[in-house]
Amino acid sequence: MTNIAATASSSTETAAVPTTLAKGFVNRLVIIIPYLWLLFLFLVPFIIVFKISLSQTAISMPPYTPVLDFKDGVSGFLAGFRELNFDNYIWLTQDALYFNAYVTSLIIAAISTILTLIVGYPIAYGMARAPATIRPTLLMLVILPFWTSFLIRVYAWIGILKPEGLLNQVLLATGLVSQPLVILNTYTAIFIGIVYSYLPFMVLPLYSSLEKMDYSLIEAAQDLGCPPTVAFWKITFPLSLPGVVAGCLLVFIPAVGEFVIPDLLGGSQTLMIGKTLWNEFFSNRDWPVSSAVAVILLLVLTIPIMFFQQAQAKAQEQGR
Amino acid sequence: MKSLGSIRRDFAPWNDPNAKPYIQFDRVTKKFGDFIAVNNLSLTIFEREFFALLGASGCGKSTLLRMLAGFEEPSAGRILLDGQDLRGIPPYKRPVNMMFQSYALFPHMTVEKNIAFGLKQEGMPGADIEKRVAEMLKLVKLEQFAKRKPHQLSGGQRQRVALARSVAKRPKVLLLDEPLGALDKKLREETQFELMDLQQELGLTFVVVTHDQEEAMTMADRIAIMDKGEVMQVATPAEIYEAPTSRFVAHFVGNVNMFEGKVAERTASTTRITGATGAQIVVDNGGAAAAGSDIIFAIRPEKIKVSSKKPADAVNALEGEVYDVAYLGDMTVYHIKLDDGQIVRASALNASRITEDPLTWNDRAWVSFRPDAGVVLTR
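Quick note, the sequences are listed as chains A and B, same order. Taking the working numbering, I'd label the letters of the first sequence as residues 1 to 320. Taking the working numbering, I'd label the letters of the second sequence as residues 1 to 379.
This is chain A alone, in the form it adopts within the complex (with noise of 0.2 angstroms):
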């Protein structure tokens, strides 16, 4: 009897093992794709950013020495190789003007990233607790904008705000002011911009913890005592969390690295790194130290993304 039964399961086995043999080669083929991708499109490339950040600036093209080529054979690649050294990353250090950069672009990534969640959180909890009728129609709202160019969108804010702007001419037409405001120009600006440019990927990411939300939750909460503001605070927001993790992120990490939003509307003196980065490869054609720059800004940034992702592995094992 247990013969037939060992013989029985190890024959299913045999028949089994070529099947998922080939299934095993499809499932990975299907995973290499992304991976070629990802070693083409951002390895390949952070490698060369890399490399040229390693080396010396020259009046030359490429503006940058050692250039790795084999022009001089095996021996010339390996003499170029040899005077890679991380003296630009040194001067980084030196100056304080890096470094006041890269702080001033966490602070003002880190509050805009807060108002972002101020203004999208009630946006998003609307939709989600709006008709399901209506609801396909607000969220093409929040990714209306994306179909206009974001360099148009942020001009006009320039138009909105500068001191003959609509804004101020709506205040002083209702005398609200009696002289227009200096908007334009300052960090509010900045603020007003990156909050009103990554609303979305607030938006989104809340909308869609809050949507699956069950409301009989909120109702058990209530039930069991709690006034609907104390739902909220023990009850809602808790189970949002991984959305306004996910859409903090998803607007401080861009936030940190923007030079659009802080050039137009920021003015000459405002100090973000993504407009160091701008003048050093631009204007002072050093390729090497903006090169640099890149590579300390996206170290600095791998910090919130490995967060992310722990974040989103716990909210996964959560289930949820």
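Certain hints may be false.
[Unchecked claim] In silico DSSO-like pairs for lysine-lysine, Cα to Cα no more than 27 angstroms straight-line: (1) B:K138 - B:K113; (2) B:K310 - A:K234; (3) A:K314 - B:K147; (4) B:K131 - B:K120; (5) B:K186 - B:K131; (6) B:K20 - B:K149; (7) A:K234 - B:K20; (8) A:K212 - B:K186; (9) B:K120 - A:K51; (10) A:K314 - B:K93; (11) B:K186 - A:K234; (12) A:K314 - B:K149; (13) B:K186 - B:K149; (14) B:K120 - B:K138; (15) A:K234 - B:K120; (16) B:K337 - B:K262; (17) A:K234 - B:K262; (18) B:K147 - A:K212; (19) A:K234 - B:K337; (20) B:K113 - A:K212; (21) B:K337 - B:K310; (22) A:K51 - A:K23.
[To be verified] Okay, the calculated bits of chain B under chain A, using three or more residues with CB under 8 angstroms as the criterion: (23) 106-114; (24) 117-125.
Worth flagging that the hints you see were computed from the coordinates, not collected in a lab. Cβ atoms here follow ideal geometry from the backbone N, Cα and C, with glycine treated the same way.
Dock chain B against the given chain A, drawing on the hints supplied.
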């Protein structure tokens, strides 16, 4: 002493004219737009009663429960709890707790924290909360699961956490919305008895909403059968089954045979009915039916006897042939096609292993029943 059904009830405040009602629905109407979910409904529930609202989905039973919990306000009418009008009191201030159909356990909190939630909200001191939570965990036999999160529990365990959470605050009334709906059959039967024991032990008033008649029959002291926002009948399970007052109730609970007919003759003790197709039926309780009126005679399948010969002493006997037979083990169900064309369902308990009078397809057969076996319905 004769009683409907096989249980004698000692707890029956509804028969006591001096009993004080505990929950009162007083001409309550609830409209959602044009839809009338609850229509001018009045209902009285007594303290410590296990009361079931039974009906098909959309009959308004859940709306009734949600109005009691405070999630909906009546469009008209009053709801009184222990003499107090509940209008305008928000759910978080009502002395009732609800067990939700979906259980609505807080996924980010452990079992312990879920149960303690309401107590903490009440401002109970920490030591007392701990004691009460331990007590509740013991009550639902989940002591070793205190630190688990809801997603780490089985369906039955979640149901018990939800129950523990809803009774932890010792509410005056516990509302249960399809409490056993998500459990499999075997677990459901076990849990029915557990719920009854729990209700006895805690001495609470339970109002349970269900669409499962067996569940309502098993657990409830009284059942309200609802249809289209109205109560069709409120009575004990035995009364609902043995003495339905309308076609709807007779049809809704259990299986039933219905004979349409006219009252041919009425005396003080008997009523003679002429069926629409000629059958003569004599019953000893005609209810309110007057001579000459159109009525329905309803009789349960297990009260009909099937035999191959006409029983000598039967008052009511109708002839036909066996149309279908189903052997179910504990009983056999016959479908007999009477000579007038009507099909009668009869079930016989298989009390012995060997049948003296076996019947099979197309056999001639007689169906017979006692004069007190059915009820006469006028609506």
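Hint by hint, here is what the structure shows:
1. At most 27 angstroms may separate the alpha-carbon atoms for a hinted pair to count; B:K138 and B:K113 meet this at roughly 15 angstroms.
2. Restraint check: the Cα-Cα separation between B:K310 and A:K234 comes to about 73 angstroms, which exceeds 27 angstroms; the hinted pair is violated.
3. For the suggested pair A:K314 and B:K147, the alpha carbons sit about 18 angstroms apart, so the restraint of at most 27 angstroms is met.
4. In summary, the hint linking B:K131 to B:K120 is supported, as the alpha carbons are separated by about 13 angstroms, within the 27 angstroms threshold.
5. Note on B:K186 and B:K131: the hinted pairing is violated, with a Cα-Cα distance of about 32 angstroms set against a maximum of 27 angstroms.
6. For the given pair, B:K20 sits about 42 angstroms from B:K149 by alpha-carbon distance, which is inconsistent with the 27 angstroms threshold.
7. Taking the CA atoms of A:K234 and B:K20, the gap is near 39 angstroms; set against the 27 angstroms cutoff, the hint is violated.
8. Distance check on the hinted pair: A:K212 and B:K186 sit about 31 angstroms apart at the alpha-carbon level, beyond 27 angstroms; violated.
9. Between B:K120 and A:K51, the direct Cα distance comes to roughly 60 angstroms. Violation of the 27 angstroms bound is thereby established for this hinted pair.
10. Simply put, A:K314 and B:K93 have alpha-carbon atoms about 36 angstroms apart, too far for the 27 angstroms limit, and the pair is violated.
11. In summary, the hint linking B:K186 to A:K234 is not supported, as the alpha carbons are separated by about 36 angstroms, beyond the 27 angstroms threshold.
12. For the suggested pair A:K314 and B:K149, the alpha carbons sit about 14 angstroms apart, so the restraint of at most 27 angstroms is met.
13. A threshold of 27 angstroms between alpha carbons decides the hint, and for B:K186 with B:K149 the separation of about 25 angstroms falls inside it, so the pair holds.
14. The suggested pairing of B:K120 with B:K138 holds, with an alpha-carbon distance near 19 angstroms, which does not exceed 27 angstroms.
15. For a cut-off of 27 angstroms, the pair hint linking A:K234 to B:K120 stands: about 12 angstroms separates their Cα positions.
16. For the suggested pair B:K337 and B:K262, the alpha carbons sit about 21 angstroms apart, so the restraint of at most 27 angstroms is met.
17. Of the supplied pair hints, the one linking A:K234 and B:K262 is violated, its CA atoms being roughly 65 angstroms apart against a limit of 27 angstroms.
18. At most 27 angstroms may separate the alpha-carbon atoms for a hinted pair to count; B:K147 and A:K212 meet this at roughly 25 angstroms.
19. For the suggested pair A:K234 and B:K337, the alpha carbons sit about 64 angstroms apart, so the restraint of at most 27 angstroms is broken.
20. For the given pair, B:K113 sits about 22 angstroms from A:K212 by alpha-carbon distance, which is consistent with the 27 angstroms threshold.
21. Our distance criterion of 27 angstroms between C-alpha atoms is met by B:K337 and B:K310, whose separation comes to about 15 angstroms.
22. For the hint linking A:K51 to A:K23, the alpha-carbon distance of about 40 angstroms lies beyond 27 angstroms, and the restraint is violated.
23. Requiring three or more residues with a Cβ within less than 8 angstroms of a Cβ of chain A, the coverage given for the stretch 106-114 of chain B holds, as 3 such residues are present.
24. Counting residues of the stretch 117-125 of chain B whose C-beta sits closer than 8 angstroms to any C-beta of chain A gives 4, which meets the bar of three, so the coverage hint holds.
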